[in-house]
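> Read off the chains here:
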Amino acid sequence: MSAPEPAPRPFAITLDVGTSLANHTGAWRVERPRYVSRLPPCSNGCPAGEDIQGWLYDSESGGEGYEHAWLKIVRDNPFPAVMGRICFHPCETACNRAQLDEPVGINSVERFLGDEAIRQGWTLPVPAPSSGKRVLVVGAGPSGLSAAYHLALGGHHVTISEAAAKPGGMMRYGIPAYRLPRETLDAEIDRILAMGVELRCNEPIEALEHELARGEYDAAFLAVGAHIARNVDLPGGTASHILDAVSMLHGIEDGEPPQLGRKVVVYGGGDTALDAARTARRLTGVDPVVVYRRTRERMPAHPEELQQAEQEGISFRWLSTVSAAAAAPPAPGEVHGGARLRIERMELDADGMPQPTGEFEELDADSLILALGQSADLALLEGLEGISIQEGVVEVDERMMTGHPGVFAGGDMTPGQRMAAVAIGHGRRAARCIDSWLKELPAPGVPEVQLAGFDELNTWYYADAPRTVRPLLEDIRRQSTFEEVVIGLDEDSALFEARRCLSCGNCFSCDNCFGVCPDNAVIKPGPPGEPYAIDLDYCKGCGMCAAECPCGAIEMIPEEI
Amino acid sequence: MSETRFYQTGTFAVGNRLLDSDGSSVQSDPDRANSLTKGHRACQGCGEALGARYALDAALRATEGRLIAANATGCLEVFSTPFPETSWRLPWIHSLFANAPAVSTGIAAALRAKGRSDIRVVGQGGDGGTVDIGMASLSGMFERGDDVLYICYDNEAYMNTGVQRSGATPPAARTATTEPLGATAGNNFSQGKNMPLIAMAHEIPYVATATVAELRDLEAKVSRAMEFHGPRYLHVLVPCPLGWGSATADTIKIARLAKESGLFPVFEAIDGRVGEVSKIRRQVPVEEYLRPQKRYAHLFAGEGRADVIAALQARAERNIERFGLLDPDEDAQGPELLELLARSERGPQ
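Chains R and F, in that order, give the protein sequences.
Note that my numbering has the first sequence beginning at 33, numbered continuously upward.
Note that my numbering has the second sequence beginning at 11, numbered continuously upward.
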């Protein structure tokens with residue numbers, strides 16, 4: 033038998049009725065959309081290398097999302113609760129939302145997550161099986177502890193040698209308790225030590241050469257910080273009551289507060305100067321004066337610290353230097369004699385540098401605190417081959433390795449900005465490079481990424497929302513106690529703040545591409561978080577998905593014709 | 011816990027992973043109807059194809075799939091149904107250019123005769139088929155009180171036949187039949203045909219305008235329209251990259267600018283009275299809307315036509331004043347978000 037006859041068609045009709053799915057309009061296309069992941073400015077600006085947009089995304093759903101978010105932070109930085117307090121958050125400075133209304137309060141959300149982790153006892157990731165390698169870390173500051181943490185995660189045995197009585201470095205001995213409560217610091221350090229990191233306090237390393245010669249370690253990471261106060265040659269200075277900010281803050285931590293008298297003058301304009309002044313205010317009950325050679329605008333201290341200092345009653349003498357100090361007899365009832373300071377007025381030249389004017393005035397003080405910068409004590413490096421020291425810091429290569437094979441260094445003793453986040457980033461980078469060095473692998477590269485700029489965003493889609501500001505402790509309690517000044521966000525505000533994130537450069541499952549395609553050529557495979565796909569059989573390449581993507585996670589690329 | 015909740019994009023985006031399904035749009039549903047399926051032959055970036063899918067998918071959800079559509083001749087018919095293919099995934103009939111409303115009336119009458127009150131009828135067409143060629147039959151449909159939702163997809167000219175001027179072409183716009191000549195360039199400044207207001211004059215139960223730039227608003231209006239019986243009219247602005255000379259990627263942006271400049275007022279009228287108005291959120295001068303469109307390029311060539319632009323700005327100002335499009339006291343997040351926030355009790359999950 034022959035095949036059945038096809039149904040007769042109407043006159044002049046040659047085709048069967050069918051769906052337009054037979055018509056592959058994708059053939060019209062000259063450009064195609066492609067989903068991309070761009071580096072958000074916050075992550076780009078984070079010296080500790082956190083995936084900030086990533087952990088904000090997790091936080092946005094609240095509940096269990098907080099722990100996921102925290103785990104994403106500690107993948108890079110084991111100190112969320114500490115850094116959520118003391119970091120000067122370059123992430124927020126870089127945040128694209130600043131151009132819309134105000135930057136996302138990243139730092140306050142990080143602190144909320146860090147505090148939640150301590151409160152709920154969330155645990156760090158489980159370390160890899162033991163590698164059998166031993167690494168010496170010198171200094172238990174942010175850099176050393178960060179390196180120790182990442183090395184321990186990699187399965188290496190870490191021994192930290194610390195000169196001070198307690199770990200933490202400048203986080204403990206430089207930052208006053210009203211900015212960083214010690215129980216918070218201890219909680220985050222203890223978590224690292226619980227991974228099996230061996231900590232030896234009160235054990236300064238005098239000569240690294242001898243320590244390494246014993247052959248106990250396969251590599252070393254040096255992070256001794258910069259704890260020596262820079263001095264200034266003041267005529268008459270030795271006779272009067274002059275002390276330095278670093279020793280003063282250290283002494284308080286060791287339970288030995290200094291005798292300051294009543295009237296305190298702090299000389300310097302950095303964050304340490306303000307820490308010293310605010311500490312002095314709490315100890316003396318009298319408003320100290322900060323003398324600084326340049327103007328408020330050119331002060332290296334961070335604006336928030338300056339603002340908080342002013343709120344607490346600290347006063348400032350701008351464009352002033354201390355040129356001489358003469359001893360003054362003790363005031364009635366005082367033990368120490370004070371100092372009579374000769375203050376010279378300065379003016380800024382065309383380059384913004386202060387120049388003397390020859391105009392002088394006098395200022396009486398019971399004590400003068402110098403906060404003129406710090407340098408690193410590099411005595412332990414003496415005799416070690418291949419080490420190069422430039423301008424008081426140790427040279428390292430892109431692996432953070434010094435000229436001595438197997439000896440790495442980071443933090444304040446190496447070139448770079450001196451802040452805790454940088455130190456933590458150094459520790460992380462060094463740990464990863466030490467790991468590959470121990471395994472005789474090439475150093476991990478730094479991937480090249482496209483930055484998610486403000487111009488990539490379609491900000492129409494973001495709801496308007498002002499920033500949530502963290503409450504401050506009342507002024508009166510701040511002037512006399514060492515209680516923490518900045519109070520954390522409650523859960524509701526932290527959630528609100530996290531949801532202000534624009535998710536720059538990274539898909540956040542808003543369905544815009546899926547909705548706006550006139551050709552139904554965007555495929556939504558499943559629940560939020562799963563990537564969308566383009567049906568290239570039908571995509572005509574109009575570019576609407578890319579134009580209407582709020583966060584710039586789609587780009588159009590030319591078709592090869 | 012305070013009651014303030016904030017959902018990153020609110021309801022501006024198509025979906026929102028932080029909101030429960032009550033707050034999600036029809037278009038964010040992976041199982042949406044796709045009433046107009048892929049493979050249709052609309053130009054790249056077609057606003058009409060998008061607007062038709064938005065509107066009919068919402069109508070299908072509102073009627074639980076019991077919907078019949080009659081379609082006037084025009085782009086929407088030509089690009090969706092060149093024999094033997096069709097892109098429609100609902101019962102759909104092509105009428106003549108002039109009689110989609112009359113055909114819709116007939117379908118509604120037949121359903122009534124069969125006692126099928128569960129099945130609803132949509133008539134649809136472009137601006138040419140609606141405000142010019144089909145206006146008499148549309149007016150008749152309104153006047154008789156037939157139970158039909160008529161949707162006009164307005165791209166402001168006869169695009170299908172080569173961009174000729176229609177009664178809905180705005181002043182100063184260049185089309186194939188309004189070539190700029192001498193000092194008077196583009197379409198004339200007549201009063202035009204404002205079909206939503208003409209529909210309101212028929213005292214029908216529901217009239218609304220919308221754009222493809224505000225999906226939630228469009229979907230809400232379709233659902234609302236389906237709550238009424240009798241003649242209803244929805245006028246949707248659908249930019250046409252081909253006829254307007256705009257970039258294919260900019261279709262939604264152009265629609266948004268039309269609304270944000272005040273040139274296209276987005277409102278709702280029940281029983282002939284204007285009620286809810288979609289407020290301007292980020293006001294822009296009309297120039298920002300005109301510049302990306304080549305149909306207005308003659309206004310910016312040479313020394314430019316500041317006088318014509320000013321006249322268009324005056325039209326926008328008149329709309330703003332007439333419909334109350336600006337409200338400084340209004341919360342910037344828009345009424346729809348606030349309403350949604352009030353409804354949604356769900357906290358962090």
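Incorrect hints may appear among the rest.
Unchecked claim - Have a look at the derived ranges for each label pair, beta carbon to beta carbon: (1) R:V481 with F:F310: 36 to 44 Å; (2) F:K304 with R:P563: 51 to 59 Å; (3) F:R283 with R:H100: 34 to 42 Å; (4) F:E327 with R:P563: 44 to 52 Å; (5) R:A54 with F:R283: 42 to 50 Å; (6) R:S69 with F:K304: 52 to 60 Å.
To be verified - Not everything, but these chain R residues come out facing chain F in the computed CB check (under 10 Å): (7) L53; (8) Y67; (9) G247.
Source of the hints: derived by calculation from the structure; they are not laboratory data.
Just so you know, these numbers come straight off a predicted model, no measurement behind them.
Idealized CB from N, CA, C, for every residue including glycine.
> None of the hints should be skipped; say for each whether it holds.
Hints, one by one, checked against the model:
1. R:V481 with F:F310: 36 to 44 Å: holds (39 Å)
2. F:K304 with R:P563: 51 to 59 Å: At 36 Å between Cβs, range violated.
3. F:R283 with R:H100: 34 to 42 Å: Hint violated: Cβ distance 51 Å, outside 34 to 42 Å.
4. F:E327 with R:P563: 44 to 52 Å: holds (45 Å)
5. R:A54 with F:R283: 42 to 50 Å: holds (48 Å)
6. R:S69 with F:K304: 52 to 60 Å: Hint violated: Cβ distance 35 Å, outside 52 to 60 Å.
7. L53: This interface hint holds because 5 Å falls under the 10 Å limit.
8. Y67: violated (16 Å)
9. G247: Violated - the Cβ of R:G247 stays beyond 10 Å from chain F, reaching only about 54 Å at its closest.
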